[in-house]
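Engineer: Starting from the given sequences, assemble the full structure and let the hints guide the process.
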Amino acid sequence: MGNFLLPFREGRTSDSRFSPTSIFVSSIFMGILLSLQTQLMILLGLIGLVLLFGTLARTRWRVVISLAARFEVVILFWVLLLPFFYGSTVILSISVPWGQLIAYQEGLEFGVLIGFRIFGLITLFLAALSHMSLAEFIGALRTLKIPTFILGSLLIMLRYIPLFVEERQRMQEAQKLRGFEKGEIMERIQSLGFLIGSIIDRAMDRSISVYESMTLRGFGHGMFIVGVRPKRNDIALILGLIILTLILFNQQILEVLSG
Amino acid sequence: MTCAIEINNLNFRYNEFSLEDVTMNLHLGEQKALVGLNGSGKTTLFKLILGLLEPTSGSIHVFERRAKRENYWEIRKDVGFLFQSPDDQLFAPTVWEDVAFGPRNLGMSEEEVDQQVEWSLDKVGMSGFVNRPVNQMSHGQAKRVALAGVIAMRPKILLLDEPFAGLDFPMVSTMVDIIQDLRNDGMSLLYTTHNRFFLENWADSIAVLHDGKLIYDGPTESALQDNSINKQTGNWEELGNRMKRYRGVV
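These protein sequence lines map, in sequence, to chains X and Y.
Sequential numbering of the first sequence, starting at 36, is according to our numbering.
Sequential numbering of the second sequence, starting at 78, is according to our numbering.
For the record, the hints were derived by calculation from the structure and aren't laboratory data.
Incorrect hints may have been included.
Chain X side only, calculated, beta carbon under 10 Å to chain Y, not exhaustive [said to hold, decoys possible]:
| # | residue |
| --- | --- |
| 1 | R97 |
| 2 | L251 |
| 3 | G253 |
Only a predicted model underlies this, so the values are computations on that prediction, with no experimental measurement involved.
Note that the Cβ used here is the ideal one computed from N, Cα and C, for glycine as well.
Structural biologist: Encoded structure:
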């Protein structure tokens, strides 16, 4: 059997200094702060703060960064594509058979900003999740009053996505052993279609079995997920976020207060 | 003898498949094997007992309580079901969470849930795996944890779908001891198997399904002497001789 897709800690409890609920809420709050930033230097400063705080909290950066790296295509997509669609200051002009390809400075800056935002958000959430077990994460969501049926579905999804990934790998290996790699492009497309179809089919079968298993053990009759309690150290985390918000938005806050 | 499960003239039809006029009983404390070729309707019968499927006609009673929609939850408290594949059963993040799932749904306090989890993991010899993620166990370990999840609800009847499939000999031996221990606690048992060894040595009685029809329900000894029943369990001796002939040994 495979691993979970996200960098959760193993076991039931992670012995973190902060409660999983406060870690999760804080990361959402920090995520909002990251998303609101329009100045690259402040954004980089915030990412630096996340990295510094994460290092102090002994985040398993190797695991987190290796997972975050999977999103490099999404980040590069924005950085490389936006310069050609947005802006007015030309920084590059290339002649292509169908005309001129022009890159703009504003688009590049915007692309870099979005790229760093995505990187910051992904790193932040993965780092936060790496400090709690899956049970604690679900418990934190329960404390935040997320309905049980959503949590049940989330739990099953997190449990079974890796199994489907493994199944896909096994089926691809079986195809390779029967010469799939040597096929023509149309054959490859056809095989890929069969592969996706089979995985969906198996996923449906398995979801029915899991649901039956849960039903037999009383799913829907009781509260199978229990919330997690806050810890004293949570106050320090919340205070830190408030101070950070005051520093970042002091002018806007003063304007609102002075009417 | 008191009936734990009583099935009368049960009919079920779904597309091409059908169970026809099945009548059988599982007595209190009995250990019955349900035998039949693939697709003969064994798992379907289990699902009908548990209310996961509804019969077209006929009746099922569990401890004299009729299996119908309003009684399903009460029946499921009495009847535990071990799936053939533990992958279909284990879904929670850790062993503890998965075994605690049933007791929590029974409305037990956290203290009672803890006790139940400890008891059932101890029964299956998996006490040291409390914090283990469910996806990081061998097939045999996962099967034992899945069984712990079932018995944590303290059912009176156990339905086991191919309990020994895919297990190596030491694990089969362990599972036999675990199940015997549960039997000693008074549980009734209905299990499916293709393996003649578990019929000859382990079943008090045998029920044989063939193409959706119950063709035998009675003591093990007389079943094993009946040729028509041997067809369902497989003629392993003849297969063995044929294999030896292929190898040129005979």
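Engineer: Could you run down the list of hints and mark each one as holding or not?
Structural biologist: Status of the hints after comparison with the structure:
1. R97: violated, 19 Å
2. L251: Holds - the Cβ of L251 (chain X) comes within 10 Å of chain Y, reaching about 5 Å at its closest.
3. G253: Interface hint status for G253 (chain X): holds (3 Å vs cutoff 10 Å).
The structure is inconsistent with hint 1 alone, although it conforms to all the rest.
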